[in-house]
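**Student:** The residues making up each chain are set out below.
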Amino acid sequence: MEPMKDYTPQELSQLLQTRQFRTLREIFEEYNIVDLAALVDRMPVDEITALFKILPKDKGAELLSYLDPDILEDLTNNFTVAQIGGLLEHLFIDDLSDILSELPDELVKKVLSSATPEQRSDINALLSYKENSCGSIMSIDVVTLNVGDSVKEAMAAIKKQGKMAETINWCYIVEPKGKLIGYVSLKDILFAKDDAMIEELIDYDVPHVKTEDDQEKAAKLISKYDITAIPVTDLEGILLGIITVDDVLDVVTEEATEDIQKMAAIIPLEDSYVETGIFPMFKSRITWLLVLMISATFTGSIINANNHLLVHITSLAIFIPMLMDTAGNAGSQSSTMVIRGIVVDDMGVKDFVKILWKELRVSFLAGSVLFIVNTLRIGLFMPEVGWTLALVVSATVFIIITLANLVGGLLPLLALAMKQDPAAMASPLITTVIDAVSLTVYFMIAAAVL
Amino acid sequence: MENKLTFLELEQLVKDRRYQAIRDAFDYYNLVDLTNHVENLDLNEILLLFKILRKDITAEIFTYLSSEKQEDIITSFTGPQIAGMLENLYTDDIVDFLEEMPANVVKHILTNATAEQRAEINLLLSYPEDSAGSIMTTDFVELKASDTVKKSIQKIKQQGKVAETISYCYVVDINRVLVGSIKLRDILFADEDELISDLMDTDIVCVATTDDQEHTAALIRKYDVSVLPVVNNESRLIGVITADDIIDVITEETTEDIQKMAAVIPTSDSYLRTGVLEMTKSRIAWLLVLMVSATFTGLIIQGYEVQLASIPALAAAIPMIMSTGGNAGCQSSTMVIRGIAIDHMRIKDFGLVLWKELRVSLGIGLVLFVVNFFRLWIFMPSDTLMTDLVISLTLFLTVILANLTGGILPLVALVFKQDPAAMASPLITTIVDALALIIYFNLAMAFLGNLM
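As you go down the protein sequences, you meet chains A and B in turn. Each residue of the first sequence is one higher than the one before, counting from 1202 in the numbering used here. Each residue of the second sequence is one higher than the one before, counting from 7 in the numbering used here.
Hints are computed from structural coordinates only; laboratory data are not their basis. Hints may contain errors.
[Claimed, not checked] In silico DMTMM-like cross-links for lysine to aspartate or glutamate, where the CA-CA straight-line distance does not exceed 25 Å:
| # | chain 1 | residue 1 | chain 2 | residue 2 |
| --- | --- | --- | --- | --- |
| 1 | A | LYS1620 | A | GLU1585 |
| 2 | A | LYS1258 | B | ASP33 |
| 3 | B | LYS163 | A | GLU1354 |
| 4 | A | LYS1260 | A | GLU1332 |
| 5 | A | LYS1388 | B | ASP33 |
| 6 | A | LYS1331 | A | ASP1269 |
| 7 | B | LYS189 | A | ASP1552 |
| 8 | B | LYS75 | A | ASP1552 |
| 9 | B | LYS57 | A | GLU1401 |
| 10 | B | LYS167 | A | ASP1323 |
| 11 | A | LYS1378 | A | ASP1323 |
| 12 | A | LYS1425 | A | ASP1451 |
| 13 | A | LYS1388 | A | ASP1342 |
| 14 | A | LYS1364 | A | GLU1376 |
| 15 | B | LYS156 | A | GLU1437 |
| 16 | B | LYS150 | B | ASP218 |
| 17 | A | LYS1364 | B | ASP207 |
| 18 | A | LYS1353 | A | ASP1323 |
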């Protein structure tokens, strides 16, 4: 159902070269700008520059915000200061600051010199917020109304401010000094009588975020309160901007990727797999591999210390991989579920006992099943091992499953209590801890029974 | 706006029967926050609350309550009460909660719905789970191309009361085929006598009712829109999906992927709400499969028992080699699985993935080789240098194998129309384990044969 099968980049180039500007303008009027940007991305930079000359400024600005960052750089180089100025007027401030954050310093200067003083201060304000903070993704183009407005006055204000605002579906009520006190939905204003007062429509309990809050908080609140936009204030409650649901979708996806990467012992990457170079990819992976490999010295020492057992009963070594994998898998299961519970369902240290109790019961059930199946498996496939050793191995499985589930379930909570990221407590780290514990348990039981 | 009403305050208001104060509170404070309190009230108190509050407010509170509470309330409701509630709910919200109710309660509810509502509910219930049809709402604003701006504003005022969103309106022809979309903003800012056909956008991005909800989420993200229309196979407009519903979709799908990647069969409820038996079922299957398949690694070691007995240092390194291989494989599979889910990586990228993983793993393998060699040399002085070399070399090869397996298996899964996320670390670990051990023992026999 995606449109835009109608044109190719070559055809657009062709139209440009044969100076069919009207047709081009019509195409840009008719088709979705996101699809068109994907086509323009594949045109030569000189042609793109020419294209911007013939497109209406507002279309050009829209196109600019969807182009590939690399092309953007060449393009800004080609533009004259006046051209940039013309485009700037039609860009939303948050799109502009997104574009700027992709450009090298000297080009940022070039762009900023073409902006009006007012735009410049807005851009600087956005650029100075910490990465991933609500301030950095908010748009400052927001509709504000006064408590004393009538519905008619409000509609006039919306029409005036709405041209540049990112959304007009929500209007915010501010005091003369800019303090946010409430909000009204456009729907309510539209359905009210002309002579009604805005005051009667205001909702005073406004979910909102502060500029330095993490962007994840905005995503959470928007999802929790089922709203399509959330206002952003400074520490004093002065309204500074707005974050809309479409901005937040990208945040949600990015944060999920980051969490998944952390859980797989990867230091989160900025770019997609295909776009990431070999060296950044190498760096993001090597750290944890090294840490985990070196910490495996423990498991090595444990085996070394029990060498006499291994030499004595050579079959013991056979089950080391299985024990470690099973414990690792169980620990990864429980840690994953608890980490996700913390992220999505607001689980916290207060749920310590509930998690402990649930993991204990799950371990008991899962451990019993694995105990039985493992004993049968060894008895059937490896008859020369003997039933005694089979039972020792199965008992070890039962105990380490319980330990693995408890460690996996509780370590993320511990991380939370120590203000660390629970996702970093995921399977690889837990596996290392559990590996050492499982081997110790294994050799202790073996020494006692055999 | 910072101070919120506490639970105790609300409970006191209800106990004291201070109706006006309660109504004011529900007008003033955010309903999502209040619902958290309502959730903790006794059923009788909730029923009392529902009697004194406005219908639209109780309907909204109802959608935020847990399914247990919803069931309790619905079963204590009379027929007319249910009908009143249904009238004030969006169709997609009705369907959401019906899906959680036992069959007899669903029947009780449906008998109290109007014929029109019943038809809409049944329609939504009939779409496959996770399809665009199952998450859409049928309450939206519909315009004609020949409408003037003035007429449209009237229509919006009429239809908008029940519509989930009015920020986008959709234009259909006489056969209800979707022909355009228009932002409310563009209608409001236009002159009264302008025609919708001149203002509407005809290049429409839409989804089919049977499309996967993940595809819907991808489109909404790609086109930066807050609403997406849903059409049937005759291109007729059936419903709309709003971006805030998509956040839930993304979160759900991510949780599902993460669970699959951790060898958990996805659970439908949150951790705390999932019962012990269900939790065990979601975990035991993969644990069993992986444990039984570990028979391979066991058999491989069994085959080399003699060699292990003659050089004890060999056994000591097995866990390190296996967990490093597992971690490396898990890293590459995670990156490729995520690339498939978000950046549309497909089997066409096979060469690219292979080449990238090969180069990355050479770098990683080399660093690990060197560090491991010195680690053994310092911490395990009793090993011979040749043993250290064999272990480090095995590590080098294992990492390369693990990265390649981890990177490629998810793509292969895609070719066989399997879920790439299911190809994640645990399965890859099992494969890499077996390969690593075979390399290990063969290297050991080749280089250390004289010691055995």
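**Student:** Under the criterion that the straight-line Cα-Cα distance not exceed 25 Å, is the pair LYS1364 (chain A), GLU1376 (chain A) satisfied?
**Tutor:** Holds - the C-alpha atoms of GLU1376 (chain A) and LYS1364 (chain A) are around 23 Å apart, at most 25 Å.
**Student:** LYS1331 (chain A) and ASP1269 (chain A) were given as a pair; does the straight-line alpha-carbon distance stay at or below 25 Å?
**Tutor:** With a Cα-Cα distance of about 24 Å, the restraint between LYS1331 (chain A) and ASP1269 (chain A) holds, given a limit of 25 Å.
**Student:** Taken at face value, is the distance from the CA of GLU1354 (chain A) to the CA of LYS163 (chain B) at most 25 Å?
**Tutor:** Answer holds: LYS163 (chain B) to GLU1354 (chain A) is near 19 Å, not above 25 Å.
**Student:** Mind checking the alpha carbons of LYS1388 (chain A) and ASP1342 (chain A) for me, to see if they're no more than 25 Å apart?
**Tutor:** 19 Å, holds
**Student:** Holds or violated: are the alpha carbons of LYS75 (chain B) and ASP1552 (chain A) at most 25 Å from each other?
**Tutor:** Answer holds: LYS75 (chain B) to ASP1552 (chain A) is near 21 Å, not above 25 Å.
**Student:** LYS189 (chain B) and ASP1552 (chain A): Cα distance at most 25 Å?
**Tutor:** Answer violated: LYS189 (chain B) to ASP1552 (chain A) is near 45 Å, above 25 Å.
**Student:** Is the straight-line distance between the alpha-carbon of LYS1425 (chain A) and that of ASP1451 (chain A) 25 Å or less?
**Tutor:** 17 Å, holds
**Student:** Between LYS57 (chain B) and GLU1401 (chain A), does the CA-CA distance stay at or below 25 Å?
**Tutor:** 24 Å, holds
**Student:** Are LYS1364 (chain A) and ASP207 (chain B) close enough, with their CA atoms no more than 25 Å apart?
**Tutor:** Answer holds: LYS1364 (chain A) to ASP207 (chain B) is near 17 Å, not above 25 Å.
**Student:** Holds or violated: LYS150 (chain B) with ASP218 (chain B), Cα cutoff 25 Å?
**Tutor:** Judged against 25 Å, a Cα distance of about 29 Å means the pair is violated.
**Student:** Mind checking the alpha carbons of LYS1388 (chain A) and ASP33 (chain B) for me, to see if they're no more than 25 Å apart?
**Tutor:** 17 Å, holds
**Student:** Assess, step by step, whether the Cα of LYS1258 (chain A) is no farther than 25 Å from the Cα of ASP33 (chain B), and give holds or violated.
**Tutor:** Cα-Cα ~45 Å, so violated.
Going through the hint list in order, the structure does not satisfy hints 1, 2, 4, 7, 10, 15, 16, 18.
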